[in-house]
Amino acid sequence: MLFAAADSTPELGAFAGFITTIMDALGAFGVAVLVAAENLFPPIPSEAILPLAGFAASQGSLNLVAVIVWATVGSVVGAIALYALGAWLGRERFIRLAAKVPLISVSDIERTEQWFVRHGRMTVFFGRLVPIFRSLISIPAGIERMRLIVFIPLTAFGSLIWNTVLVLAGYALGENYGLVEEYVGAFQWVVIAVVLVVIVAFVVWKVRASRRTRD
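Residues in the sequence shown are numbered consecutively from 73, following our numbering.
Certain hints may be false.
[What the hints assert, rightly or not] Here are the simulated distance ranges between beta carbons:
1. ARG190 to TRP160: 34 to 42 Å
2. LEU245 to GLY89: 16 to 24 Å
3. ALA138 to GLY162: 36 to 44 Å
4. LEU169 to LEU245: 23 to 31 Å
5. PHE198 to VAL141: 20 to 28 Å
6. LEU112 to ARG217: 33 to 41 Å
7. ALA97 to GLN186: 45 to 53 Å
8. MET194 to LEU98: 28 to 36 Å
9. LEU201 to LYS172: 30 to 38 Å
10. ALA138 to ARG163: 33 to 41 Å
It should be emphasised that the hints constitute simulated quantities derived from the structure, not laboratory data. In this text the structure is predicted, and so the values were computed from the model without any measurement. Just so it is clear, CB atoms sit at the ideal spot from N, CA and C, and this is done for glycine as well.
Please construct the entire structure, taking both the sequences and the accompanying hints into account.
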């Protein structure tokens, strides 16, 4: 039982306790359920789920290979659900919604779309390795109707790398598996900071371009 394995660890938080309950009930398949949910609801952090699963594997409560495989299955299932959301949303509906956002024009959207068409494969693969964007990248792939025969392998391989790193980190760190969430969390804030800088730069550029047009 995972609870027994966790007895010697520091007191589990409420969310870690929830993860433990699911894994105790469903075994390695529970990892797939949790990771699929994490893809659909990004506030649920994989950096909390996977290291704990790796720790459980180090204690013999779960099979290490099964944890990694099921985690990847969960990642793909969650990604396909978001892909389907993007496909349902569609290009025209997305453009209508996005064009209502201040400082974003249809031409901006079309340029972004063209960029995704050219670099979509690379974006989907490497996007699976970046916190926050790991899940969201599936939506534009669905909007652009990237072929599933391409989307699924790219998602699976990218997810496999991410999942393996976090699971093995938890496996190696043992009772200190919580350190993984701290380091990934710090990296996530770096990503957020970079995104904010890009957004601010974009807004400044749009405002200046608008002023030049008026002049």
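Outcome of the hint check:
Here the CB-CB span from ARG190 to TRP160 is close to 24 Å, at odds with the stated 34 to 42 Å. Distance hint check for LEU245 and GLY89: the Cβ-Cβ separation is about 19 Å, which falls inside the suggested range of 16 to 24 Å. Remark: the range hint 36 to 44 Å for ALA138 to GLY162 is upheld by a beta-carbon distance near 38 Å. Between LEU169 and LEU245 the beta carbon distance is about 43 Å. The supplied range of 23 to 31 Å is therefore violated.
At about 22 Å, the CB distance of PHE198 to VAL141 agrees with the hint of 20 to 28 Å. As the Cβ distance of LEU112 to ARG217 is approximately 20 Å, the hint placing it in 33 to 41 Å is violated. At about 47 Å, the CB distance of ALA97 to GLN186 agrees with the hint of 45 to 53 Å. For the hinted restraint 28 to 36 Å between MET194 and LEU98, the CB-CB distance of approximately 35 Å keeps it satisfied.
The hinted range of 30 to 38 Å is satisfied by LEU201 and LYS172, whose Cβ atoms lie roughly 31 Å apart. A hinted range of 33 to 41 Å holds for the C-beta pair ALA138 and ARG163, which are about 39 Å apart.
Violated hints for the displayed structure, listed by number in ascending order: 1, 4 and 6.
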